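Kindly generate the complete structure, drawing on both the sequences and the hints.
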Amino acid sequence: MTTRIAPGVKGGIGTSVLRPDGEPKVTGNFAYASDLSSEGMLWSATLRSPHAHARLLKIDIGPAVAMDGVRAVLTQDDVPGEPLFGQEEQDQPVLCDGVARYWGEPVAVVAAEDEETARRAAAAIVVEWEPLAPFVDPDKAAEEGSTFRELKVRRGDETATGSVVVEGFYETATQDQAPLGPEAGFAIPDGEGGLDLYVTSQWIHVDHRQIIACLDMEPDQIRCHPAGIGGAFGSREDISLHIHVAMLSLATGRPVKMVYDRSESFVGHVKRHPSRMWYRHEADEDGKLVKVTARLILDGGAYAHTSRAVIANAAFFAVGPYNCDNVVVDAVAVKTNNPPAGAMRGFGAVQTCFGSEMQMDRLAEALDMDPLELRRRNALAAGDPLATSGQIIAGSLPTLAVIDTLEAMPLPDDTIEDDPRLLPGGTGLTTPVSSVVRGVGYAVNVKNLAFSEAFDDFSEARAVMTTAGVEIHTAAMEVGQGLVTVCQQIARTILGTDQVAVVWDDTSQIGSAGSTSASRQTQMTGGAVHAASVGLRDKILESFGGDELREDGVYLHDELVATIDQVCVGGPVGHHVQFRHPETFQPDENGQGDVHAGFVVSAHRAVVDVDPELGLVRVVQVDTVQDVGKALNPQAIVGQLEGGILQGVGLAVMEQLVVDEGVIRNPTFTDYLIPTFVDAPAVNTRVIEEGDHFGPFGAKGIGESPTISATPAVVAAIRAATGRDLTRVPVLPEDIIGI
Amino acid sequence: MNVTITVNGEERVVDVAGHESLLNVLRNDLDLPGTKDACEQGECGSCTVIFDGESVCSCLVMAADADGSTVTTVEGLSVDTELHPVQEAMLAEGAVQCGFCTPGFVVSGSHLLETNPHPTEPEIREALSGNICRCTGYGAILRAFETVTGEGS
Amino acid sequence: MDFIAAHDLDEALAAKAHQPEAQLLAGGTDLMVEVNLAHHRPPSILSLRRVEELRELTPGRIGAGVTWARLERNGHRGLAQAARTVGSPQIRAAGTIGGNVATASPAGDGLPWIIAAEAAIEVKSRERGTRTIPWNEFFIGVKRTSLAADEIITAVVVPEDVPIAQEFAKVGTRNAMVISTVSCVVIRGDDGFRVALGSVATTPMRATRAEEMINAESTTSQSVLDEFARIVSEEVRPITDHRSTESYRRHAAGVLAKRLVERSLR
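Chains as they are written, first to last, in our numbering: chain Z, 1 to 739; chain P, 1 to 153; chain G, 1 to 266.
Note that these hints are calculated values from the structure, not bench results. Given the structure is predicted, the values throughout are model-derived calculations rather than measurements. Some hints here could point you the wrong way.
Said to hold, decoys possible - Footprint (simulated), chain P over chain G, 3 or more residues, beta carbon under 8 Å:
1. 29–39
2. 43–57
3. 88–102
4. 123–131
Stated by the list, open to error - Residues from chain Z that keep clear of chain P, each with C-beta distances beyond 10 Å, as calculated:
5. Glu-116
6. Glu-171
7. Gly-181
8. Phe-455
9. Trp-504
10. Gln-586
11. Gly-643
12. Glu-661
13. Val-687
14. Thr-727
All residues carry an ideal CB built from backbone N, CA and C; glycine is no exception.
Okay, structure coming up:
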């Protein structure tokens, strides 16, 4: 394959071209799912369980049905097909099936002529509940075997010991993805018993599979369309309102709109698993890791969602990007009456990276060694076995380069500016400069790319040459990350023209692109677009005996031999592919095997200013070095790094859902705090380009990596500033003070 | 009840329900969905509009109380194909990812530059601290504003 | 729902006399949250947005309709500092001090300054005319005040001799746009220090024991300040909730009070 870009192409790979959806987004003209409407549309609302665990004794929908303007009130009895859904395990009732297993579980849905009537009707439904004791203790759940998956990793010699030993117990709280765009769906009946569904999603094909099963429909009767999405970060990997809005539309024969408000959004999607982790690290006198032992409990809440995959990631990345020959990990995802957990940026690796990086710092302290030097001595490289699974790292893994480059980046000068907006406490004017101490901390992480454990992971794409330019067809979900731009750039580079449009197909028009998650779309859908473009180019060149494709046609030895009109004389010319990454395998009973397709590494250095007396923090600066394989769009990379880092900073110092006996106490933006502009650190970025073994031009996915070690880097910096042994995130003011 | 609001220079008469917010009326009745609905409690800034000269959260303005007012939404900031300098800069600097917060930043930002044409970095941060962005980490947004004010690259 | 837009104070008072159940709308930054998220549906609303008389701002008199944005620029020093921390810039452009006083949240950002300044709340009704209620008789419980159903808050009346050495600080878990977990105002005058705190009791409160202690001292040495902070921590009556803990609030109350005394001396 060639990476030579035809003359005249400006928007190929390696450039920071503008995103095609940017202008509609800045002018307010971009249609998000929650903006859709049509004549004759009904609004809808959901009645939810007020209990984390309760038996539903009786439900009387009569008062709702009797209200003027109400067109449908549906309960679990009205589900036409499979009563349960779930992408890995079908275990969640579409609507409450007699027992509510988490707070806010949907019980009934209503469609009505206007929003207010729908909401009032849902509230008018009379439910008799028998509250049951909520089962919310993850330790007890682990003990009693209330689990989604238990995973054992045994590598090397379990009896090995090191002369330097550190142990610790760590916790991470429940983080919410809190995308700004709420869950939204719009269903339009097709007049033939089926419907078109526009939904906020990360993977419309896996939604589609679950929807048709629950609706008892043929695949072609329901068409899921991508809709404009206001961020995702994992929250849209699982079904939320999809089946509900479709049921209401089928029941009424009318278009139905469903949009969650913010409080409903907090209960309506899965969250990052809260975790409890015990670790023991053993090393020799030189700081070489001898053995790592860990016990990990992640709370999956009431239903399975992606807990089986999340716990695998937690277990396989429990040691971080380090070599260690002897590893013992016992990991379990437990089932409780807490809010259901699932995918969020970093997907299990976030939790164990926090635990293991805190351990590495403790080990460095015990060894009286520079924390980066300790990491350098153990750095995992391509060709080494992953400490947990033993899988030999294929592709690139520039751990050492990442660490060395980070260390060489300049630190900010020591001056602490006397401006409240740059001080802990901000405009609250809590903190004079004299009360501030500064700390610096480091952390490094490794994570898998794309789906693992023998999952048949593929993406379909079709490249079509038309007289108006190239069309790239895919069902991959653009959630804001810029996949649309990267697809264009890849196609432009291969097909020699800037005239490339990405066309989002629905589920009836093209096969699955897989999920926009697991950092996979740049490699997977990017890979599919690359392969489709190469196939199309070669087909055209072969037909016309050319050696190069350019915007105006086929060339041979720099001479035009066929115009695009001639190429398309028989109609558009297309090439369709299904792209797969290298095969992965199930781990054996000891968690060993070639479980993953590829890996990505990054490191973070945080500089924080702390007011130790009040426990307030300002994250001043975060520097990062990211392994990218190949930088396809430098500006978009910086955007992913800065954005991912701030979500990691959020988990480090403020973000947590407060869950009390299964009830979320802060499901609003007033009380679930997300970093503001004033809280955001300056970020400096560097990338390492060492091409990977799959994906377009050697590029890696970088959606998750920036979030993962940002959190422990910030905590390490707070610890350096205060001397406090911090073991839980978010670090709250009372943790810093020690009260 | 009927209220008259001058929206983006055009006088509009609309029948509003008592409890409705200006945000709802803009989005659902006046066909101006560019103003976004993300938290309904004034904690994210996605619904920011200029209301009688002030930059406010339209979710917290009772539509009935907006009778006689003048409102500018994101749709009113670009004229035909000519983008507002803030829109131009946000586009160029990669300050748009999912874009759900973008209309709010465009409106708050245009108001900031009207009241303070050359804000310092801390002033930009504070003036836009009522607008939450979940995607960008604010870096590209900061660079966009620095470009508009001539402080940036 | 009835919606009444009063155009002047007489009209507002007449409407309130006629419909005492009417909920007042003065900025909407509290009321509309209730409407949007808790689906509160008041039977009638009386909007004060157009009432010019409520927008008066002089050193001695802060009209109830004055927004935080104006106070941030033109308020008394301590109140201006507090105003800067109210919600977001958008909230400050809409929200009013009268709304803050009427809502009477323990976390109301403007309230500690009012009680430290020993300001009074001026209220009016058509039937009984004007009442000027001292701060300590106005705030009577969590979101409870002594305002009568037919009354409207018209102004915060500030004593002419309010000292100019005023300092405010507020702790939250975010560095902007955050509800206070503890806030504090210290005003230093010829008669000594006055210390008021928010989010540490059912109402904003004065730390009277701590005031007495520090005002009895002839110096503000470190040991005096430490003892002062200890008494503030002891004197406040905070709770543990999803925003913070009782022990952190006690601790932070003492630290803020001590720091503000120091700041007021600079």
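I'd like to know which numbered hints this structure contradicts. Please list them from smallest to largest. 4, 5, 7 and 11
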